[in-house]
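K.L.:
These protein sequences, in sequence, are chains A and B.
To convert, note that position 26 of the first sequence is 16 in this note's numbering; the numbers rise steadily by one, no gaps.
To convert, note that position 77 of the second sequence is 80 in this note's numbering; the numbers rise steadily by one, no gaps.
Please keep in mind that the hints were generated in silico from the structure rather than gathered at the bench.
Here the structure is a predicted model, which is why all the values come from computation and not from measurement.
The beta carbon of each residue, even a glycine, is placed where N, CA and C say it ideally should be.
No false leads were slipped in.
Partial list, derived from the structure: chain A residues whose beta carbon lies under 7 Å from chain B:
hint: 1; residue: 47
hint: 2; residue: 94
hint: 3; residue: 179
hint: 4; residue: 185
hint: 5; residue: 188
hint: 6; residue: 194
hint: 7; residue: 196
Heads up, incomplete: computed chain B residues facing chain A, CB under 7 Å, no partners named:
hint: 8; residue: 77
hint: 9; residue: 104
hint: 10; residue: 141
hint: 11; residue: 142
hint: 12; residue: 145
hint: 13; residue: 162
hint: 14; residue: 202
hint: 15; residue: 213
hint: 16; residue: 215
hint: 17; residue: 225
hint: 18; residue: 226
hint: 19; residue: 235
hint: 20; residue: 236
hint: 21; residue: 254
hint: 22; residue: 266
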Amino acid sequence: MSDFTTYFGAFLGVLFTLAVYSFLYRENPWSRLAEHMFIGSAIGYGIAYDLDWMRSQWEGRWSLTSTGVTAFAFALLLGLLWYFRFSRKYFWLYRIPLAIITGTGLGLAFRTVVFAQLLTQVKATAGIQLVGVDAWTAFNNLLSAVMVVCVLLYFTFTVRQTHPVWKPINVFARYTMMAGFGAAYGYTILTRMSLYIGRCQFLLGVPPYAPENKTFFPWIALLILVTLIGYDLYVKSRASAKT
Amino acid sequence: MVAEGETIWDKLENIDRRILYLLIWIVVLPPLISPIGLPISISPSTVAYYEAIEKLPPGSMVVVSFDFGLSALGELYPIAVATFHHLFSRPVKFAIIATWNEGPIVAKMIIDKLNPEQTYHKVYGEDWIFLGWAPGGEQAMAALGRDIWGTITKDYIYKKPVSQYPIMQHLKSAKDVDILISLETGTPGADEWVRQWWEPYHVPMLVACIGVMAPTVAPYVQAGQCLGLLPGLRAGAEYEKLLGRPELATAAADAISTSHILVLAFVIIGNIGYFAKRRRRME
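Chain B on its own, in the form it takes in the complex (with noise of 0.2 Å):
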C-alpha cells in the first residue's frame, strides 16, 4: 500500500524497523536449525594466528588474557574455546587472566567445558594456572608486567599463593613471556597491552577481538606487534576450520552469511530509492 503522494521509492527508502528486524529473525534462525555448509575460505591473518601458536618452542610461556564480559560471548567465546583447545594440544605452559570482572565468569564455563585434566591430560598449577581477575585495567597491566607475582598473589580455582605452583617458578614478570593471546573488546584491550607489553618487554601479542575492534587492532599486525589477528566469528569459523574442530563459529557460519546477505539487500534496495528519487527530482 503507497499512501496519496508517496512513491514506492519513498517506501523502499523508510521500511518499517521492525519489518527489517522480523526479516532477520527470518534469515537467521533457518541456517542455525539446520546448516546449508557455505564454504569458508580461510584469510592470511587467520593462518597467522593459527601458525603462532603451532610454532611456539615446548615449554613456552603464554598468557591468555580475557579482556571482554558476558556481552561479547556471542562472537569471543567460540574464538576462545578453539584457542584453549590448540593451547592445551600443545607442550606450551599458559596462564589464564582476566582485565575484565566477567573475564573469569567466561574462562570458568570454557574450562569446565574442556576439563582439561581429563581431555589433555594437563596438570593444573604446572601446565596451566588460572589466574583471575586483575582490577585496574592498564595500571594493573603495567603492574602485571613488572610483578605478577605481586600483583595477582593467589590463584582464582584453589586460592592459594601463587608462589606455591610450580608453573609460577617460571612465570614471575612479563619477561618470561614468549607470547600473550588477548581476547578483547574494547577498553582495557589490546591498545593497552601494547602499550604496557609491547613497548617495554617487546612480548608478541596475538588479538582475537569483536569485528567492530578490527580496524583499531590492524595497525598493531602491519607493525608486527600483534603476530596474527582474528576479528570476530567469521574468523572464529576460519580458525576451527584449520584446527579441524568445527563447532559454535562454524555452525553460525551460514547465518553470517544470510544475515549479511540480507544487509547488502537492504543497502542495495534503500540506495535504489535515494537514486531514484534523485532522479525524479532532476527530471
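Extracted from the complex, chain A is given alone in its bound form (with noise of 0.2 Å):
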C-alpha cells in the first residue's frame, strides 16, 4: 500500500508539475487540466482545512459556559454572512463581515505602522554613522543619505521645479531609483530561477524528493511532448479545415 501511495503520489506530481511546464509551449488541455485541478484541490483543501481547524480548537468546549463560546458563536454567523456575496436580493448583507475585516484590519495596522514601518526608519536613516566607523561604510552610509534626501526631493511636487539646482538632483534620484528597481528585478529574477530550480530538484528526485520521480520524468515529458504535438497539429488542421 506504502508503494502504492509513493509511486501514485510521484506519478501525480511529475505529471502535474509537467503539465503546468507545458503551457510554457502554448495553452494546451494538459495546462488547463492542471491549472483545474490547482484551484479545485487548493479550494478543497483550505475549506477542509478550516473544518479541521475548528473541529480540533473547539472540540470539547461547545458549552455555553466555556469562555468565549458566544463571541466564537457570534464570529461564526458573521463568517455565513459571507456567503450573500452569490445572492443579489441579500448582497448588503456580505458587506457587514466586509466592513468588520477590513476595519479591525486597518485599525490594528494604523495602531503601530507610523511607529514600525515610518518613523523607526527615518531614525535608522537620521542615525547612520560617518564618523567612528571605517572608511567604507561611512562612504556607504553617507551614499545612502544622500540618494534618501534626493528621492524625496525628486517627489516633492509643490515646489516647481526650475531652478538649476534641481538638475542634478533628479538625475542623482532617477540614477538611485534605476539602481533599486536593478536589484528588485534581480531578485525576482533570483526568486522565479530558485522556484523552477526546486521544480527541477523534484523531477530529479533530489533527496528528500521520492526518487521514484527520477522514473516517472523522461516518460511523462516523453507522453506530454508527444500529444502536444499532435494537439498542435490537430488545432492547425482544423484552423486550415475552416478557412
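Put the two chains together into one complex, using the hints given.
P.N.:
As C-alpha cells, this is what we get:
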C-alpha cells in the first residue's frame, strides 16, 4: 500500500509539474487540466482545513459556560454572511463582515504602522554613522543618506523644480531609483529561477524528494511532448479546414 | 534564417520565448545532475542570521512562523530545514506556528524529515511544540502577541490543550519570546510581524524570505528591527555552508549560477540588438 501511495504520489507530482510547464509552449489541455485541478484541490484543502481547525480547536468547548463561546458563535454567524456575496437580493449582508474585516485590519495596522514602518526607518536613516566607522562603511552610509534625501526631493511636487540646482538632484534621484528597481528585478529573477530549480530537483528526485520521480520524469515528459505536438497539429489542421 | 527586411539585430531583440525556456532547461538540469561545485561566498546578513541563533542563551524561547505555502517550497524549504537543524542543535526551546494555512504541511514535512526525538533527543512539548495554523492574518498575529493560549488552544500534532505542555508554561504571549523567525513570501509576513510583534513588544526578528521580498525586508535590517535576513535560495546555500550541512540549497547553487549567467547573456544580447538598431537608425 505504501509503495503504491509513493509511486502514485510521485506519478501525480511529476505529471502535474510537467503539465503546468507545458504552458510555456502554449496553452493546451494538459495545462488547463493542471490549472483546474490545482484550483479545485486548493479550494478543497482550504475548506477542509478550516473545518478541521474549528473542530480541533473547539472540540469539547461547545458549552454555553465555556469562555468565549458566545463570541465564537457570533463570529461563526458573521462568517456565514460572506456567502451572501452570491445573492443579489441579500448582497448587502455580505458588506457587514467585509466592513468588520477591513475596519479591524486597518485599525490594527494603523495602531503601529507609523512607528514600526516610518519613524523607526527615519530614525535609522538619520542616525547613520559617518565617523567612528571604517572609510568604506562611512562612504556607504553617506551615499545612503544622500540617496534618500535626493529621492524624497524628487517627489516634492509642491515646489516648481525650475532652478538649475534641481537638475543634478533629479538625475541622481533617478539613478538611485533605477538602481533600486534593478536590485528588485535581480531578486525577482533569483526567485523565479529558484522556484524553477526547486521543481527540477523534484523532477530529478534529489533528496528529500522521492527517487521515483526520476523514473517517471522522462516517460511523462515524452508523453506530454508527443500529445502536445499532436494537439498542435490537430488545431492547425482544423484551422486550415475552416479557412 | 533572417526574413527579408529583418536584420540580425531584430532577431536578437525578438528571440522566441520558447527557445529561451528550452535554453533555461538546458543550463539548469546538468548542474543538478552533476554538480560543478562553484565556490559560495558568505554575505554579512547570512552571518548575522546564523550568529543570532548561535548566540541565543540556553533556554531562550523562539517562535518560528511559517508565513508561506507550498508554492514557495523551492526557495524556502531548504532554508527552513537548515533553520530547524540549527534550532534543534541548540539548547533553546521553540514553538512552530503558521499564518498561512499551507504552512503546517511544510512544517510537518520538515519535522518528519528531521525526526527530532531520534536525531537531536528533543522532547515534544518540553523542548519544542507545533502549534499549527493561526487563521486571520495580521489580526491573528496581534492576538498571538497578546495571548497565545487563547488564540491557539490545542497543538497541531496531538490536539491536546496547549496548557498541558511544559514548554507552554513559559510561552503565554509575545513578551515571553526572545526571537521570532519568520519564513515568509508576502502577506501576512514580515511587515505584519514588525507591526504586531516588534513595535508593541520589541521582539527581535530573523527573516528568511523569497528573493523578491528582500528589498521590502531590507529596511528592517538597517533599522535594527530584523537582526538577520536570508533572501532566497542563494542565501540558503550560504547558511547551509555556515552550518556545515550542505543540502538542497547547496545542490541548487550551481544551477542558480548557470541560470543567472544565461539571463545576463540574454540581457547583453538584447541590449546589443537595441543599441545596434539605434545606431543604424541614427546613421
